[in-house]
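Same order as they appear, the protein sequences are chains A and B.
Start counting the first sequence at 1; every next residue gets the next number (our numbering).
Start counting the second sequence at 10001; every next residue gets the next number (our numbering).
Everything labelled a hint here was simulated from the structure, so no lab data went into it.
Here the structure is a predicted model, which is why all the values come from computation and not from measurement.
Heads up, a few of these hints could be off.
[What the hints assert, rightly or not] Here are the simulated BS3-like pairs of lysine-lysine, each with C-alpha atoms no more than 25 Å apart in a straight line: (1) K10007(B) to K846(A); (2) K536(A) to K521(A); (3) K10099(B) to K623(A); (4) K536(A) to K187(A).
What follows is each chain in one-letter form.
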Amino acid sequence: MTANQMSGEMNAVFTPSDSQGSQKTTVNRLAGGQIDRSRRLRFTFDGKGYLAHPGDTLASALLANGVRLMGRSFKYHRPRGVISSGSEEPNALVELRSGARREPNTRATVIEMFDGLEATSQNRWPSLSFDAMGVNDLLSPFFAAGFYYKTFMWPKAFWEKLYEPIIRRAAGLGSLSMEADPDAYDKGFLHCDLLVVGAGPSGLAAALTAGRSGARVILADEDFRLGGRLNAETLAVGDQSGADWAAATVAELASMPNVRLMTRTTIIGAFDHGIYGALERVSDHLAVTPKGKVRQTLWRIYSKRALVCAGAIERPIAFVNNDRPGIMMAGALRAYANRWAATPGHRVAVFTNNDDGLRTVADLRAKGVQIAAVIDSRPDAPALSGVEHLRGAMVIDAKGRLGLSSIVVRTASGDTRTIPCDALGVSGGWNPNVGLTCHHRSRPVWNDGIAAFVPGNDLPAGMTVAGAAVGHLTTAAALRTGAEGAAAALADIGHSAALPDLPRAEDDAPRLTPLWYVPHKKGRAWVDPQNDVTVKDVKLAHQEGYRSVEHLKRYTTLGMATDQGKTSNVTGLAVMAAMTGQTIQQTGTTIYRPPYTPVPIAAFAGRSAKEDFRPKRLTPSHKWATEQGAVFVEVGMWMRAQWFPKPGETTWRQSVDREVLATRGSVGICDVTTLGKIDVQGTDAAEFLNRIYANPFAKLGVGKVRYGIMLREDGMVMDDGTAARLAEDHFVVTTTTANAVGVYRHMEYCRQCLWPDMDVQLISTTEAWAQFSVAGPNARKLLQKIVDQDISNEALPYMGCAEVTVMGGLRARIFRISFSGELAYEIAVPTRYGDGLIRAMADAAKEFGGVVYGTEALGVMRIEKGHAAGNELNGTTTALNLGMAGMVNKKKDAIGSTLSEREGLNQPDALNLVGFRPVSKDALMSAGSHFINAGAEANAANDQGYMTSVAWSPNLGHYVGLGFLKNGANRKGERLRAVCPVKDLETEVEVVSAHFIDPEGERLRA
Amino acid sequence: MPEHRLKALTPLAQARPVITTVGRITIAENPDVALASLAQRRGREADFTQRAEALLGFALPAPGHAVQGGDWGAIWTGPGQWFLEAPFASHEDIAAMVKNAVTDAGSVTEQTDAWVRFDVTGRNATEMFERLSAIDIHRMQAGQATRSLIEHLGCYVICREAGSRYSVLGMRSAAASLHHALVQAAEAVA
């Protein structure tokens, strides 16, 4: 291929000069593998262009392109390369994509390659190969475990302003884009008989067994290709390769309607009652999320049984400088060679304490990779032929700052040898992946046979474990226990499943002689590379008394990084055990918690983000109000019109003042649909309300409305509202907007649990009726144009209600009640006609110069009238506080009436709701102010009460306030200071009646 | 249909019902159904059942079920409580009609405009519901009804035809939010 041909294929990120470099694509690309060589994908890493194939991960593609250096470490900025081939990866973290979609700390091992992928290394400046902060590494003696705790203690004030910002800049991983996430995320719900976690040999055998039996099965795997280690190994399954058997099995499963295969899906946690969380990466493997689609879906899986087939994770052996790029897990080397046809180098050494590590030697040799040497810590290991097999030897050091160049080996005879190599595969054995099994606080138990923790006995209900995850480390055992595990789990729920004829497979007992770290006096051997924790750090923790595993974790930060110590925890425990002389079992493990791998907060939010954070409730007049340019306010979930600005009005006060004055001067209309409406029916409906409300309701006449207060059991006021009696056995109760749900719930509780013998039926009708308040001296005149029947004072007196018709025959309800203190009605029609009604009434109001008003004017008028609202019904106030003590009827029993008589609530200096006005007419008042007697110091000891509501009264020309004052009912005329330290405001106020407007109530009875 | 001068709007605040098709799924606002809640009075169960069934022409459905027959449909909504549905054009005053039938043996409340009803049809409607509700939608058979949270709202979901035809009843005031949620879920599986 000529350079011209090459550049013709390249896109903008791939310059012709880069294309020269692209010849290197093949440098570390081997034969075979499960990649599609017929297609080429372009990607960049740190701005440099490379080629990859479908089937690659970012890690495999970088290795194939000869890139070993992929990142810098968290604390010391050490050059790092990839260690693993799976989600356990601690080192190869990159920033993926750019702009608003930039995602930090993404593991290169699980990033599925797509055309145009952009990745950037992180935690380095100015470049990956030269990182100025690498100076931290030279200063490492100062940065050992506990360094921050000891060093930045003093002076205290320096911590937030000086130390922390510096440390945060020097240490850390990727950075956020600081832009809003442009993608959408779904949540969803799935149900199954059997959830199989992991699609390696045990998971596939389990799904096959359960699927063929007809059970509903979900098989979830975090990988984009199902098969687990079968895709990474060359071991045969039956007459096929493991990968071919996996593919054939997946094909059969895919044909079963009762089996749901979920690739790219991580089971992140085991929750109560067989519920599992699963994160499906729907579009992460695509360059751009398709329109209308989501990036990820967070599933909640309801399973009857779950079989964890999560496999095992290979663990390293710690030795000095074991973090050099090019040093990785032996199993990962095999996976890269077999599945991805990639190798980090062409001269590779292997360091192992077990037979499995030796498989890497055979597989790499089969791929034509030169084996520099095999360093086997076991003196008695079976000798390999054709390679240099140094038995009883250990790797004691590694050279090559930006990439491995050689290892230093101490042989069985004690000689030291330097062996040139560009990669080293390390195997310290395999740790069963017990994470999910511990999410309900089960502790794993130590198994000497494999020198690893296996799941304990106290697993989450409904969960069992099979395959390598339970310690069966051979392929044959994985297949067998997977099938048997599925059959047993299904038998447990009364579903029988026949065991399939399983193919022959490798069944060699794993032989391992534990080796956790190579003893050393100098240098650093890394246990947790992501958090830069060394063997010495663990020893230091021990030396300083942090010997409990939980203390070890917090003191050293072992296992606290984004990988949660998947490759490092057990090694750390082993080092601690060696220090204390305890066994590893005695040393114990820390708690495993969800999520298993990192989950974006956005996935937890799902669709409930930004303007869709929660649903909005729109009033029946919403469309009309929007046309009028209303300003809306969110009240609970409701969007209520706050005021209706008119041309020329430049401040909200102008609009509100106009609305208030027009209402009190003529007529105003307000949408009050949001108030809760509860239909109460039944032969005992009246008695039911009599027990719910503190004041009597039994004798309320049909066609009458009464104001009532409900108390909580503890005697505090819960809510207020009205109840209208439409028939002997039929009431409509109204509640405040905010308490609509709470009051309904309370009433249902009373009906179902307290008095199940009463004949009462409840249902909410809040939504069924569009209800409007019509208030002001011209309210009747306006409504008479709407209502078909006579609504004169005689026909419908104050506190009356009736079923009427409007606009020539539409059924409606009318209530003569007033919140504003004016002559007022509430008129209700079926909600679909609410828009029509507001238009008809707004039209009719024009003749009177009437207005439609919003919640601000509503608030001003109720404060002027001295009516309590949410600010006063704040959960800490009693009827006595509110000036309604007389409403608590002593002749009957109602909820809360007994406890409202508690001595402490009935002291002479109890708070009373009173009105306040500024002594100087122009002075400002502020809700939240506390009252202090003249001359007293403004402190809590001298507190006389507090202001709850304040509004500018356009009728009176000054601020008016409501508030609770000790013995306030008897202090009218007294002058106090209203002190608001938050706003640095102090106003001299006079105690007055709470009823600023029409205290005798003549208007509303007119 | 009463004679009067007010125009009706659908829950989505339109003159005509909104019908949205996304891929193979159609989400149709349906304001043409009148609804009333019917609850039996304590101690009057026999009269109640006899009178209700005389009106409907079929037995009231058991918990978790919904029945259709002639003009009427009934949905179990709670112990001793059902929603009755009938064509709006002929049954706008449904509450009075039902009350006349059951008289003092039952409590009846008009619910027509308390709810927005979306009829969801399409072969992959189940995939859409997986993204909306914890209901085991694949196991839901025609004639089953249940209550479930959708978009944080307490909704009724009624299966009219397994796998392909469902009705969702949600609070009317949140119709736009509910519709938005349904459409988004349909787009995700389109």
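For each hint, the structure was consulted:
no., hint, in the structure
1, K10007(B) to K846(A), "holds (20 Å)"
2, K536(A) to K521(A), "holds (9 Å)"
3, K10099(B) to K623(A), "violated (33 Å)"
4, K536(A) to K187(A), "violated (44 Å)"
In summary, the structure is inconsistent with hints 3 and 4 from the numbered list given earlier, while agreeing with the others.
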